[in-house]
Every structure is written in C-alpha cells, then in structure tokens.
Amino acid sequence: MPGFLLISLILLPLLGSLVSWPERWRQRLAPAYSLVPILQLLIVISLWATVQAGERIQCSWPWAPSLGLYVSLSLDGLSWLFTGLISGVGVFVFLYAAFYMADDPTLSRLYRFLLLFNAAMMGVVLADNLIVLLVFWELTSVSSFLLIGFRSHRAAACEGAIKAFGLTAIGGLVMLFGILAVYAEHGTFELSALLANSTPISTAAGLCFLVGAFTKSAQFPFHIWLPSAMEAPTPVSAYLHAATMVKAGVYLIARLTPLFADDPTWSATVTSVGTVTLVWGGVLACKQVDLKALLANSTVSQLGLIVLLLGLQTEIALFAAVLHILNHAAFKGALFLTAGTVEHEAGTRDLRQLGGLRPLMPTLTLAATLASLSMAGLPPLGGFLSKELFYEGVLEADLLLRGNVSGISWLSEDGFPLLTILAVTASGLTFLYSFIFFHGTFFASASHPPEQPHSSSHAAHHATLGLIAPIVALSGLAVLFGLVPSLAEALVTPAFRVIHGAPPQLHLALWHGLTPALGLSGLTIILGSSAFLLRQRFLQAAREYQALYSFNRVYTDGLTGFTHLSHWMRALYMTGSVTDYIRYLLVALIAGLSLPLWYFFEEMTLRADIVRPEYYELGLAGLMAVAGIMCCRTRSRIVLVLSLGLVGSLMAIFFVFFSAPDLALTQILVEAVSLVLFLLVLRYFSVLRPRPYAPRTRLFNMGISVGTGLLVSLLLFAANVGPSSPSAIPSYYLANSYLLAGGHNVVNVILVDFRGFDTMGEITVFSVAVFGVLALVGLGVRGQQPLGAMFLFSFPSPILQSFARLTLHLMLVFAIYLLLRGHNAPGGGFIAGVLTAVALTFQMMAFHTEALLQEMPWKPLQVVVVGLLLAAGTGLGSVFIGYPFLTSAIGHYSFPLLGEVELATAMGFDIGVYLVVVGTSLGIIRAIAED
Amino acid sequence: MEFVIISVIGVLFGCGTYLILQRHLLRVVVGLSLYSHAANLALMVSGGLKRGNPPLLTTDAPYVDPLPQALVLTAIVISFGMTAFATVLAFRVRQVYGSDAVDELAGGEE
Amino acid sequence: MMPPDLFVLFVIGPVVTAALLAAFHKWDSFQRGVSLAVSLGLWGLSVVGLLSLLQEVSPDGGGIGGGIVVLRMGNWAAPYGIILVADVLSMTMVVLTMTVGVAVVVFSLRTVEQAHQEHFYYPLFFILIMGVNGAFLTGDLFNLFVFFEILLIASFALLALGSQPGQLRETVKYVVINLIASTFFLISLSVLYRTMGTLNMADLAHKIQTTSGELDPTLTILALVFLFVFGTKAAIFPLYFWLPGPYFQPSAGLSAFFGGILTKVGVYAIFRTFTLIFRHNPALTHELLLILAALTMLLGVFGALSQMDMKRILSYHIISQIGYLILGIGLLTPQALAGALFYMVPYVLAKSALFLIAGVVQAATGTTHLKAVGGLQFHSIPLSILFLLAALSLAGLPPLAGFFSKFIVLQAGVEIGRYGYVGIGLLGGLLTLASMLKIWNGVFWGEETGDRRPVSLWPLLPGIVLLVFFIVGIGLFPGILYSVAQTAAAQVADPRVYIAAVLGLKE
Amino acid sequence: MITPFVSVIVLIGITLSILLSAYRVLRGPTIPDRVVALDNIAINLVAAIIVISIRAQSALYIDVALVLAILSFLGTVAAAKYLLRGTVIDASPLHTRRPG
Amino acid sequence: MQVPYILDVLVSALLLLGLFFLLTGTFGLLRLRDVYARMHATSKSTTFGVVGVVLAALLYLRYLGLSSGLKESLIVLFLFLTAPVGAHMIARAAYRAGVSLWQGGVVDDFKKWLETNR
Amino acid sequence: MVTRFFFNIILAFAWCLLQDEISLRQMVIGSLVGLLAMLFFPRSFHQERRYFRKAALSVRLVFFFVKELLIANWTVVRQVLALKLAIRPGIVAYPLSLQNDVLITLLANMITLTPGTLSVEVSPDRQFLFIHFLDVADVEEEIRIIKDGFERHLLLIAQ
Ligand code: NA
Ligand code: NA
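Protein chains in written order, with our numbering: chain A, 1 to 931; chain B, 1 to 110; chain C, 1 to 507; chain D, 1 to 100; chain E, 1 to 118; chain F, 1 to 159.
Derived from the structure by calculation, the hints contain no laboratory data.
C-beta: ideal position from N, C-alpha, C; glycine also.
No false leads were slipped in.
Computed from the model, here is a short list of chain A residues facing chain C with C-beta under 10 Å:
(1) L67
(2) G166
(3) H567
(4) I582
(5) A719
(6) E762
(7) S767
(8) G882
Computed far set for chain B versus chain C, every beta-carbon distance over 10 Å:
(9) F3
(10) V4
(11) R51
(12) G52
(13) N53
(14) L57
(15) T59
(16) D60
Only pairs whose alpha carbons sit at most 16 Å apart, straight line, appear in this in silico EDC-like list of lysine to aspartate or glutamate:
(17) B:K50 / A:E614
(18) F:K67 / F:D148
(19) B:K50 / A:D609
(20) B:K50 / B:D60
(21) C:K26 / C:E118
(22) C:K26 / C:E113
(23) A:K287 / A:D350
(24) C:K438 / A:E159
(25) C:K371 / C:E448
From just these sequences and the hints, can you work out the full model?
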C-alpha cells in the first residue's frame, strides 16, 4: 500500500499530463489539472506519520534486472520534504496559473507540461535506483526545456530553453559517468544499498555527481542558464526555477552527503562552489532592473548558500541548509508570483518603469514586502531563522573548528575568517536586492515611466483575488515559519536526520541570546541598509560593468566560436568535390598500409609455385601497360575509349594464357558491348580539352596515382611472398564437378551450382542496371541536341545491311550453342546472353532501333523479368521439395532422333541468366540509343 | 608470371587513379573501368598462375584452379553492370547538369 | 521453429517481388499493394525467424543459448558452397532492416511521385532490401561482395531516381567513391584467397585458429585492407567524407533507409570480420578501431553542428553514431559487443524516424532548411511529439531506447577502464543533443514561417509511429533487447561457436 | 616435333606485330588510322589465340578466336559508325534513296 | 602427343607463312602513306595471315582428334566476310570525316559524285 | 515458307559446324535450334527461287575467288615490301550492273580482297561502286577483271 502511494505520486501527474480536454471546454476545464497537486499534497500529508517516526517506505519492481535496473522508490524524511515542496508549491502555482493565463489558449498545454515536470520531479526525489533517478532527472530537464521555450515564437525563449537544457544535460552526462563508475565499483545502482553499505565511493565518481548537481542547481559557473530561463511564463519560474527543480541538485548533494562524509575533496568542492555562487549571484542580483532577472540571480545566490551549507557538513550547517530549502521555497515562490502579478497588471517587469503600486495593490504590497524581508533575513520571519543558523555554521567552521573541517581548511587558513566575511558580504547583498525589489516595485516612483501608462489605475481593477491569494498564502508561510519555529523544525527534522544520520541536538528559536551570529545579523542590516541608501552611486557603475564580465558572454562566444570552428573545419575538408574525397580516401589507404607492409616485407619468403613468364606474355603485358598509359595521355574521346577496349581485349588474351576460356569469351563480349555503350554516349561529352591542374596539384595527383599503383602491387606481391594456407577448395570442385553436379566445365558448374548464389546476385545487379538506366533516361529533363559532329549527308551502307541480314540468325544459333553446352564446355548463360545481345545490337547498328522491334517483338524489360523469375524460381523449386535453395537435380532422358539428353535444373537457372543478360544489355543500349 | 601481372595491375591502378582524379567525367568513368580491369586481373592471380589445362574435365589433368575463374566471371559481370550504369549516369549528368567537368560538380555541402 | 530453408526468403523474396513489380511497373495499385504486403510479410517472417533462433537452446543445456541456422545454398557444404548463416546478430539486423523497410514503404505509399513509381521505385527498393539482407546473412566473403554490389547499384539507381541536377551530381560522387571501394574489396579478396585459400568466413576463422600465429602478419595486412573497404562503406574516419552529400539528396523515405540501414551494412561487416576473423592482434587492430571510433564520433558531430538544414544535420549525425558502434566493436568484450548491437537497433530506428519526419516537414513546407521553416509545433503536435521522442532517443536521453544504448556501451568501457573513450562518447552524446535541439528550435519552434502546403500530415505518420513505438518500447523494456543482444554477443564473442555451427565441427 | 618451338616463335612474332601496330595506334595521325591499327591488333590476337590452341593442344580456344573475330569486326563497325554519324545506333531509319 | 614428321613440318610452315603475312600486313600499316592505303594492307595480308594460322590449327587439331576442323573453317569464312565489310565501313567513315587521300592521289570520282548529289 | 525451310537448313548446317560433327542427330537438333531462333526473332525473308542452281553457281564462284585471292595476297606483299612506294592512289567509280544488295556486298568484298582495290562506298541508287585503287595506273585492266570475273558470276546467280 505505501508502495502504491509512492508510485501514485509519480503516476498521478504523468497520467494527468496525458489528459486532453475536448477543444470546446479546454479553457474552462484546464484548472482541473490542479487536482493533481492537491491529491499529491494529501498523499504527502498522509505519509507524515511514517516519516516522522523515522521510517522509510520502500518499494521495488524489476525493470531490466540483467542490467541492474529496478524501478525502486523510497521515501524518507529528505524525500518527504521535497515531495511536500513539490506538491505544496504546486498547488499554489497551479491555482495561480489558472488566473494568470485565464484568457491564454495555451493554458491547458502549460498545465500538461507542468504535470510532466511534476512527475519527473517526484521521480527524482523518490528514486532509489540511480538510473531511475537519472531518468527523472533528465525528464525534469526536458520538461523545463519545454516550459522555458513555452512562448516558442520568441527567440529569447528558445535560446534560454536550449541553454538550460544544454547545460543541465552536460551535468546529466557527467552524472551518468559517475553512476557507471559507482556501478563498476559496487555492482549496484540502488542508493539504499550504497548508503547501507557505507563503503566509500571514489572521489572521482562523487565529483561527477557534483557536476550534475551544480548544473541543475545553477551553481557557478553553470548559473547562467537560470536568468535566461526567465523567459518561461512566471508560474513556471516560480515553480521550477525557484522552488523545486533547481533544488534537485541540492537534493542530490544532500542525499549523497552521508556517502562523502569523510571526503575532503567533496566538501571542499561543495563549499567553495557554493560560496562563489552565493556571492556572485548576490552581486548579479543587485544589478538587475528586471524583476524576474533579479529574482533569478537571487535564486542562484540562495542556492549557493544552501550548497555552501551542505558542504560544511556540520550539524548546524546541515540543519540550516534543510531549513533554508523550506524557507526559500516559501518566500521565493511568493516573490516570483508577485513578479507575475505585477507584470500581469502593470504590463512590465522593468524596475525603472515600475513604482508606486502600493496604493493600488495594498494586499500584494504587504505580502510581497513580508516575503522580501524574509529573504533579507529580518526577524521575525522564516528567513531570519535560517540566516542565523547560517552564520552560526559559518562561524563554527571559521573560528571554532579552525580548519578541523578538513575540506574547508583552505578557507580559514591562519584563522583568517574569509568564509565569514564572504557570508556577511553576501547577506548584505541579499538585504540590498530584497529591498530594491519591494521598494522599487511598490514604494518608489518610477524612474523611467512607460510612454503609455496603461498600467497603474487600470491595474487595480484587474488584480483578481486569484492572482494575489497564492502570494498571500506563500508569504504567510514565510511568516509562519518565523513566528512558529517549531513548525519549520518539525517539517525539516526528518530530512535532517536522513542527511546527518542522527536527530538534531539544536532547537530553533527566534531568540538565541546575544550570540556572535546575532551580531553578524546586525552587521548585515547595517551594511545592507547603507548599501540600499547609497545604491544609486554604484548600481549604475555595476550595471555598466556587466558588459565586460559575463559568463553569458563566455557561453555565447563559446557557442559562436564552436560554430565558427565547425564551419571552418567543414569548409577545410568537406569541399563537395569528389576528387578531393578520393584523394583523402587514397591517401588514407596509402598511409594506413605502407607501414604494415614495410614490416611485412622484412621477413618474406618467395612462394614455390611462381610461374616463369614467356617472352610474348611479357610483350603483351607491356602493351597492356602502354594501353593504360595511353588512356591517361590521349586527348581524343574515341581514342580514350578505344584504348580502354584494347586493355580489355588484352585481358582476354591473358585469360587464354591462364587457361580460362570462359573468362576470355566473357571478357571479349563484355568489352564489345561496353565499347558500343561508350560510343553511344560519347558525343554527348565535351571534348577532352586540356585544362591542366596547377603544377602542384598535378604532382600531387601523380604522387597519389603512383602510390596507389605501387601499394596495390605491393599488396599482391605480399600475398605471393608471405605465409599462406593451402586451399582444399579447387580439388573438391575438380573431383565433384561431374560426379555430383553433372558438369564437365567446372567453372560453369561453380557458377550455376557450387556458387550459384553468387550468380543469382550477379544477375540481380545486372538487371538493376537496366532499371536504373531506364529511370535515369526516362526521368528528368530530356537531353539537349547532341554536341558532337553529325554527318547529315549520310545513308545506310547496303553492304553492312545485307551482311547484318545474313548473319543475325547464324549468330543466334551460335549463342544458343554456347548456352546449351555451357555445363560441359566454355559457354553458358552469360556468354550466350551477351552474344545474343551483340547480335541484336549489330542489327540496330546496321539499321536502327526500330528494326529491333521487328527482330524481337517484346520489351527487353519483360525478358529481364522472365529471366529473373526463372532463375529464382529454379532455385526456389528445391525449397518447395525440402532442399536448400538452388539444390540441383540432373536427369537423363531419351528422345527420338535426339538420343540421350541430359537435363539439369541448373540449366533452367542458366537460361534465366541468359534471359536477364539479353534483356539487360539490349534494354540499356536501346534506352540510350532512343534518347 | 605473377609478378609481371602484378606489375601490370599496379600500372593499371596507377593509370586508373590518375584518370579518376581528372576533371573530365568521361576520364573518371574510364578510370573506374581500368580499376575494375585491374581488380579482375588481381582476382585471377589469386589462384596462382599455374600452367595447366582449363578446368574442363573432358581434358586431362593438371587443371588450373577453377574458383578464381568463376569469381572473376562474376566480378566481370558485376563491374560491367556498374560501368554501364556509371556511363549512362555520366552522360545524363552532361545532359541535365550541362557539364561534365567534375570540379563543376562540386558543392552540395551547403 | 521456422523451417531453416525459409531463411533464404529474406534474400530471394525481395528479388522475386522486385521482378514482379518491375513487370507491372505502370500498375499503380499493384505496386503499392504488393510492396506493402511483401514488406509486412517479410517483416513478420523475420521476427518469427529471430524468435525461433532465440528459443533454441544450446545442446549442452548451458552456455550459449540461441541457435545458429546454417543454410547451404545448392546443398553444398562450406567452404565449397555458399552458406547463409542466421545467427542472432544477423537476424537482428534483418529484423531491423525489415522494420525500417516497412516504415519506409508505408511512408512511400503517400509520398512517391507517380513518375518515380513507374520508373521502378519499388523494385529498386526491394532489390536494396535484398542486398542488405544478403549482406547480413551471408557467410562467404565473396558473396558479401556480391550483395554489397547489389545494394550499391540499387542505391545508385534510387539516388538518381528523378534525374534532377542535384541528385545526379551527388550520385556521381557516391558512385565513384563506392566503385573505388568495391575495387579494393576485390583486391582484398584476391589477397585473401591467395594467402588463406578460402573465402568462407568460418573456414577462414577455423584456419586461423588451427594455425599457431604464422599467418598473423598476412592477417594484419588483410585486416587493414578490409577495414579500409568496410570503413568506406560504413563511413568511419577518415573515410566518411563522401556520405553527407549523397544522403541528403533522395526523397525522405529513401534517406531514412539509407541513413538508417545502408551504412550499417559496413558496420556489420566490420563487426563480423573483426570478431570472427581478425582478432589475432587486438592490441593493434582493435586499438586502431577505438581511435578511429573516437575521431568518427567527434568529427561527425562537429560537421553536423555547422549545418543549417535538417536533413543535412541528420546526415552528418550518421557518421557520429557510427563511431559509437565501432567503439563497441573495438572494446571487444561481450558486454561491449552486446552494447554495440543494442546501440545499433534504437539508433537505426531513431535515425530512420527522423529522416521520415524530415520528409513530413518537407511535405508540409516544401523545405527542410531551418531558416525557411518554423513553428511547426502548432502545425502538427503528433509530429512534434514523434520528433522529440526520436531525437531525444538519438541524443541518449533516458528512458528512451537510445539512453540504454549509450549506457551499455559506456558501461562496457568503464568496466575495462577505458575512461577516455567513455568521455568522448559522452561528449558526442551532448553534441548530438545540441544538434537535435537546434533542429527542434529551427523547425518546431520559432515564428511560423515557410509556406504551408495544404496537405494532411496524418497519412504520413504511421511509418514513423511504428518506429517510435519501438524506440519507446525498448526504452520501457530494455531487458528484452538486452537479452537478445547478450545472446548475440555471446555467439559472436567466441568464434568457435560460429565455426562449429558452419563447419559442423564438434568442439 | 618442331611445332611447339615454332609456335613460340610465331607467338613472339605476332606479339611484335601487335606492338608495331600499337605504334600506329599511338601515332595516328587520324582516328581512322588508329581504328585500322586496333582492328589489326585484334586480328593478330585472333591469330595468337589460334596458335596458343596449337601450343596447348586444345580446341577450346577456337571458339574464343571466333568470338574475338566477330567482336573485333563489331568494334570496327561501331567505331566507323561513330566517326560517320556521331552515334552508333540510329533511333529511326535514315533517309534512303533506294530504287523500287 | 606426337604427330607425324610431315604434319609437323607442314603445320610449322603454315604457321610461319601466316606469321609472314601478319607481319606484312603490319608493315603495310606502318609504311603506307594514308589510311586507305593502310587498309589495303590489313584487309588482305592480315586476313590471309590468320587464314594460314587457322589452316595450321585445322590440320594439327584434326590429326590429334581434338577437332574435326569444321569450326576452323567457320573462322576463315567469317574473316573473309568481315574483313572487307569492316574496311568498307572505316573507309567511308574516314572519307566523310574528312581524311583526305594522300596528296599523290590523282583521281577521285567519289568526291565528284558527292558534290553533284549533295 | 520455302525460304524459311531453306534458311533453317543453313542454320542446321551452321550448328553442325559448331558442334564439329555432321550427323543426322546434330542436323535435327540444329534445325530445332534454328527454328527456335527464327521463332523468337521472326523477320521477313525475301522470296528467293532456284536454290539449287544458285548453290551450284555459288560453289563455282568460291573456287574462282580463292584463285584470285591467292594472287591478290602475293601482289600486296610485293607492294608493301617494295622499297620504293611508287604508287598513285585514287578513288574510281565503278558502274554496277548488279542490283541485289547481298550480291553487291559479295562483289564489294571480293574486290576488297583482291589486290590494289578496296570498296569504299556504294551509291544509294546502286549505280556506282566506289573503289579505292592503290595505283590508278592499271584501273582499266582491273575494272575489266571485275566486270568479267566476279560480277559476271554474281549476275548469273542473280537471275
Ligand atoms: Na524557426
Ligand atoms: Na527556422
């Protein structure tokens, strides 16, 4: 049952955020979302007794146990305090928003985002599994992102949202690092297990967690996101960026404090970061002229104070920290809502335009003033209590402990009370900006009144109860905590017990006697009021000083710098020129392989099976090299193509030398079709006019070319001199080609049987070529007029035509001959297919493309499809009868007159290949010829 | 013999690279063809260039290794398909883009 | 248990479909209907196939679970014939391919122009699927080359489909680079057969295992050449430069498939070869992989930051994410390998979904340039939600699937103390988030600019919903995919398992 | 048995002939010159293949020779047609003035 | 395999004769002054050279029982048909492409005919 | 139909040549294959008559041609190898009597294969065959040989 309560604290808002009212009633029903925090508050209150008794509620469900993931939740005093804050402040903020955005159609969406955030925040404080915590942690960032950028048409809102998300995401990632490190050390993600274990966690992991906490709680130097986050609607600022979300980091530090109780680095880091933030935030807050900016920076400062206290780790400090969490939520919530109401009524948040609102909004003035005074730390308000404790803690650290708090020894070296001085300074600043806030808004007269004062008188009528009541309630709390210290004490004691591990020895009271702390409070008031009176002197200077010194500038300049850097880097190498990319590729290849090859050749041995060349082979090899070089040197398109053809034909000869008749046939045929193809498109290319590269580029190209050639040679050379493993494959093929596959031509048997699957792929490639070419030619703008020479006065050669007529069927018969004998002698589907295509191409050459239609009254595409289906179907046939794909069968049949004929299913496959090749070759050639 | 062919392969690769790095698209396509020729030769060498009969069981042993031949055949066919496509592509580029200068095809990286 | 011979359908099914589609390329309803039906059918079949593998327990009862189905094409045993090997890794990849395939087909039904459809859009797409599936399933390196070529030529044709100037320009680059890489693939196969005397991966691994290191120098050379070849396809540093341009060009559906699946084929090849074959000297090869992974992660994301177009940003991000995958392979522990596979799935889903979303943006406004669009948040809230889920998953935000991907890879890195790489991985994640936020800001937030086309976006969403559904599902139940990844990694981490299955050896 | 020896001599001679023809390919001066030279090389290659089939005592290469002969002719015609028309295949019939 | 002495000599002689004609064709290709004249050399001598080689192969392989020689005759037949057609195609192309006759040429009826029929 | 049959016989014979075996079995297979080729690649065949007479005349022509050819090659060798290239080339129009394209082709081929002559072009109206002469000195003689030799044989076949 308690477990159910915990999960419902998270699920309620999550489900609530999924609720979408019908468009018609959306605006009117939107405030109903407020039921969620109210319900939560009731649950939280119902858990009070348990918490006060010092008990923990824990529940766990397996999530991904193999990853160490359990959805485990736990509620102790610390969590309870935060759930109270989340739901309590939530109630006020939700109700306030209903009035604040009563006419705004986005109200419903705001609520849903707020509920999403609420769920996330509840998850953070209830999670017992570090990963679960991280999940909700990041979810708070996401929801905060959506809420800051809520007014997404404003560029500042978007930038602020991104800044906040970006900086907190850094923290989240570093935290993940820490979590992983913890898991590597302790093998668990469960916080309770880690805490119970009390084995120390490495400082590095601790620091990772701290980075996460600092970013979330806007600690120096990550504080810059918080002022920018003020673009969010004011209820959001009050809720997320004052009362709850920014306290998530504080929560985390508090939660982990027991684990790092004896870690000097931890406390030194926490204390010093907190101190710097405290002071710096105060300075910044004083300079602001925007109400929300002032409050934001004050929040930064106050969070610094809490962090500082958590770092001191003494009883007083820890108690002060917890207490201030509560106080700050009350008065800062009230002040933010005040800013919202003022803006809502007066139309501005600019202190220079505001002023004298007191007569118009007396109630608000009272409430806001009380809240401000609580912030300033004046008695008898809540803020005073925590301020006193703060001073006590600092004094204790500085004077009494004299560096015995090991982590802060550097702060109090030689007994110099640096920490105390800084604390007083910061408190003075707090006093100052608190007074500036309420004085400037309600009491003083506007220094720069707005041009069209729609504000003042108009406002009074509209300041509805709903926009004031939550403020009154919150500042009432701030007052109450001061007047009835035992109430605050009761609320924070369970949390304190969790952090400190023991019940508190001290008791809260307004009057502690004449303590040093009280003296410091007095000093603060004196300093603060003098500063307030003299403020005009230096505030102007301070506001101008801002331009010089700003971490925001660091952020924006860093961002721009980064973008510039990435642009510059991209421009450096992403030139868009494929030539450059090829250069990179080849240079990488050469660079990557030359060293290993160098080492390789240190211990080479020549293989025994190297064959001695014949003289004529040498000559023809030389010619092949010459032909290759001719390709590089020629300036004539046709010579270029013909030289390429020469290389190909010479390759065919080498295939003959190497006893590969099938290859020789294929090579010759392919070369011829390629030549026709090239000649078909050649005239569309511009002439190879000499447009030389700069000498340097040319040299570089030559270098790469030579390097690549050399590298490939060396690579193959290495293969011939290095160690090797003998192959069993050729002997298997030779032994079984006829025995098991029924073919004498082993190459063909490999192609259609042993490795028929390769051939299936090969014809697929081939048929795609025709699809691709048809698409290339069929779509897009049609070509311009041919660019090359056309001799208009020309007529078909009757000699060529009659020759073509005579030879067509002879060549076809030859092709069929090669097809049918393929299994036993050089030939086969591919060779026959190309030969058929050549025969038909020759017809087209002698006549024209329309002549092909007479020869072959169907489309090449259809032939391709039939071929593909035949080949695949032959292969699938065996699957249907329970054998693997492409399993072949052979049968011998007797026919009258024909004698015994061997029929193999591989033949069907080969005919498929034949058809694909015929169709593709013709299809491509025809498509171009007709273009 | 292996080393002769390997040298030729090297030369063809060098020439191919040189052509691929040129500005004229036609040269690039021819360079790619040279590449595939060279690669096919390399594949042929992979069986070792033993002198022997073609792997037709109607002739007498010794036979050469039939596997590289089958591989080369597949490679020839594939590279033929690729070259055909590349050729037509290049010619369509000239038609549609109005240029067959590779350096004028730069851009597209924003 | 699915009959083993049916596994061939992932390869042959698409090509038969493609042939039929090509035959009736002008018949509109046939094109759409058959494409949808077949892609759904193959998807279902692939899921069944993967499940049946997972159900199988190893014969000795303990140790490694998960079956390995070995199909002998033509009924010839390895290493003489070509075999298809469906282990958990490859079948996961097939399932992933088919999932993205279904999403892309669904998206294409509404977005592909009539003219493109008549010029073999669907047949080419199915051939592409065939090539990809074949590459995942094959157990033979030359056959892998063939499937690479199949998917390449199909992708060439699809990239150029439409013959617009920009398309053709980028296709040229893509074609040239890939043909060069293919050539070197052949060269490396030549060296491989000359030195090792086999093309079958299992046989090769077996030979390496049964010799005592004398082949190592050759293997190192081979490893580097293969790394060059596969690395070019996978777009790792310093071989990725070609990728962003071409991947920007095609229609969104294709971009989704290209960006999601195509480069993964190269990654898969590295995955397979560097776990099965080239693990003789991890101190050199896998250390190199790690360095390249780190550089890939950083430089890819750097490139993305300089872009102002949604599709371009996504294209650059492909590179960066590849780095993570390579990182997992380079670490080479079972946990890291499981992480790499776990990384692959959500990332592919998210990347494809994001490209499809870019397609919707394009359909709605006619452009994907961040400066020319804006305020789409209000135009289509479902689209915004889908984008956020996919984008944040890609950036690794919990509890989306992408978080666990990053989580597991990094955990593996922390486990063996490679903190530097973990740090770079985290930085990469951060910069990814920055890019995603930039897109969000540029497209969904801001002033409502850009012309709005009067199109209903709803019909475009089902495919995206499918992908995002899995992203969220994996995030909510990471244990399921993790156990799949663990099984796959266990199969892959010890090459003897694969070798024994393929060659039928007793250990 | 002098045939094996003679066949090597003849092969070397044919190689020489091919290399000499290659000189004409390189020199030109006109493109038809180069085409003629290339055609000559092809025919010499046909002869070389036939000599090899004598040397290897195998009739297998005769088909190769036949195919090379066919296709070198095709190549020559294609080149000639290109020089004549700027293309190899016409899309539609040329105007002819044929009696009857 | 062994072949009778006579056949051995005959085959060798035919081979050498073929080579002689092939080289003659090539020399013509190198020496003659214009493309038309060069084609005279290649279309006749080279073709005849191949015929010599083919005849040698025909005798040799037929004796060894490897071939009946029918296919070899097919090559001869084919060469006789294609060589002149090829030469004709190049010649007409060369002429249209503006490759002029060597300056020593005296008669050109084709030019006249082209001019009157244009 | 008869033409088709005749052509099929030719194809079957070609098949036998390819199979290196002239036998009934191969003739049957060959004609089946030829039929297949003609079925899948149908084209209109010119009507021809008197096949057997033409076949006989063709054989006679072949012998005549081989004789001329042997002479031709010797002449070319002499010319090529001659130290001094004392030749005066030119293109001469040869008036055709033949009208049949196939026969003109045969004539042109024979002319090319004989010494000193090379067929360059047939005029579209089949009036002239343009012949390139290596040496126009003996044009008269050469044209006479062609007219009375090759073309006479071919005209007989044409009838
Ligand atoms: Na925008
Ligand atoms: Na924009």
